[in-house]
Amino acid sequence: MGMFDYEFMQRAFWAGGMIAIIAPLLGVYLVLRRQVLMADTLSHVSLAGVAIGAIAGINPSVGGFLVAVLGALVIERLRQNFRGYGEVSIAVIMTGGLALALVLMSMDSGLNRSFSSYLFGSIVAVSTEQLWIIGAVFVIVLAFWVTMRRPLYNITFDEETAQIGGTHVRWLSQTFSVLTGMTVAAAMPIVGVLLVSALMALPAALSLRFARGFASALIMAVLIGLTGMFGGLTTSYYVNTPPGATVALLLLAFLLIGLGIQRILNRMRRGNDMLEGPDLDSRRFWQRQSGNAQKSKVQTEVLHKN
Amino acid sequence: MLLASMQDVVFGYDREPVVNRLSMDIYSNEFMALSGPNGAAKTTSLKLLLGILKPWSGRVQINRNEKGGKPIIGYVPQQVASFNSGFPSTVYELVRSGCSMRLGLFKRFGNKQAALVQSSLEAVGMWELRDRKIGELSGGQKQRVCIARALAQEPDVLILDEPTTGMDLESRKGFYELMRHHVKAHGRTVVMVTHGLEEAEPYLDRTIRLEREEGGGWACLTTSSCSVHFGPEA
Chain A
1 MGMFDYEFMQ RAFWAGGMIA IIAPLLGVYL VLRRQVLMAD TLSHVSLAGV
51 AIGAIAGINP SVGGFLVAVL GALVIERLRQ NFRGYGEVSI AVIMTGGLAL
101 ALVLMSMDSG LNRSFSSYLF GSIVAVSTEQ LWIIGAVFVI VLAFWVTMRR
151 PLYNITFDEE TAQIGGTHVR WLSQTFSVLT GMTVAAAMPI VGVLLVSALM
201 ALPAALSLRF ARGFASALIM AVLIGLTGMF GGLTTSYYVN TPPGATVALL
251 LLAFLLIGLG IQRILNRMRR GNDMLEGPDL DSRRFWQRQS GNAQKSKVQT
301 EVLHKN
Chain B
1 MLLASMQDVV FGYDREPVVN RLSMDIYSNE FMALSGPNGA AKTTSLKLLL
51 GILKPWSGRV QINRNEKGGK PIIGYVPQQV ASFNSGFPST VYELVRSGCS
101 MRLGLFKRFG NKQAALVQSS LEAVGMWELR DRKIGELSGG QKQRVCIARA
151 LAQEPDVLIL DEPTTGMDLE SRKGFYELMR HHVKAHGRTV VMVTHGLEEA
201 EPYLDRTIRL EREEGGGWAC LTTSSCSVHF GPEA
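If you read the sequences in order, they're chains A and B.
All residue numbers for the first sequence refer to the working numbering, where the first residue is 1 and numbers rise by one.
All residue numbers for the second sequence refer to the working numbering, where the first residue is 1 and numbers rise by one.
These are computed hints drawn from the structure, not numbers from a lab.
If you're wondering where the values come from, they're calculated on a predicted model, not measured in any experiment.
Every residue gets a Cβ at the ideal spot worked out from N, C-alpha and C, and that includes glycine.
Do not take every clue at face value.
[Unchecked claim] Pair by pair, the computed Cβ-Cβ distance ranges are:
| # | chain 1 | residue 1 | chain 2 | residue 2 | range |
| --- | --- | --- | --- | --- | --- |
| 1 | B | 70 | A | 268 | 49 to 57 Å |
| 2 | A | 268 | B | 118 | 29 to 37 Å |
| 3 | B | 105 | A | 14 | 23 to 31 Å |
[Claimed, not checked] Chain A is nowhere near these chain B residues, computed Cβ spacing over 12 Å in every case:
| # | residue |
| --- | --- |
| 4 | 29 |
| 5 | 37 |
| 6 | 55 |
| 7 | 90 |
| 8 | 165 |
Using the sequences and the hints given, assemble the complete structure.
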């Protein structure tokens, strides 16, 4: 394929591939923890970091990265204070970050132009240095997930029972937030600030509707993310559209098609059941219920003997 | 053996204390029930005991188990059955996750654990439904799955907040028998909050009743036969 003759395309695919694995992976947990807007917030915050970096004369990517991590810690802290309505912390930080970014931008008019590549992402924006950052984040997130996937599952299901079971909920939750911040910052140059959360939320949203179990939800989300990313980058190269928006639209299309298919399948299945007649259905249900009750009785008796 | 004790614990959610100078001892290897009318701070007392809530004053202590380690506590909260119906786990996956509390981060999930998950699911009569998504289950079935998950932890102490809500009579009796079996045969301690004291009584070792104090405010006054004591004088 012609597009891989360009080094920037190779870099974009490497970077995109790594992000499309870790972002949907974290996204599944974020959706289930009702924290999916956190990605959005962190990207707005890290935009302020980019502006600070540019004005202070350090690398804007590094600035964005550090501020995203800091923002993640603050959000987590606030979330624990606003128990029961944790979204408040997200609203507070999001507005704060965006307002700061806009004010800082207005102070340096030269910044305005280069900002568009941060806002919307750009295939050519991935420098070798950024590729290294993305690579490091990729390794860290995967290593974290491999080690912590059991306790992560437990705190995602229920924080209270996990804590009583001996999980360090606070530490784990904080680390998870920091990694989300790192991933958001790493994904910024390609997907763009405004659409980073699409890569976390949309694959998760689709996979959660279809997957039969937790493990399969994770695998599915990653596969959807990869398909969307590579498809989006390719389209973006040939049609010359902003990559972030193309990827997001493609993922959105997957989601809509997926939901449509599910609806049709459900209707077909319902139709088949109706053919057998409602009576048969209720009888089957009843048999299953009483079968279970007998089973549990038998089991307790057996348990008593040993 | 004294497993846990609370002494003169005072706690409230805002200004007014809901728990006033509660003292309670929990001995290991007992099936104990905590009962009382609505609003008698039963759940709050459990959470204080578990350390989820920090008391305003007083002392909560959980002793080490025979092996000298922190006791493993399996907890089934009151509302867990109403969990996120979109949570994408199968019944099996969820119960299996109970094992991870003992397995830690890396130890392999082996045959022993698989057998444990199976026996836990069978004990609550949910083995047949192991491949179902938990969101598809009824309230009573979810409750059973959560109990199975707690059993799969192989806990030293099992703490259940109104575990029989949504169960029919037959299931409730089976459940009490199951708990009794775990106390007698596996040396576990079971603490359960319940309203159905009359039907559970024959299975229990001890009952603690939280009641309303004269002149307003909830306090913990009476007890059953055994050596539990409430109030400052005890």
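Quiz item: For which of the previously enumerated hints does the structure constitute a violation, in increasing order of number?
Solution: 7
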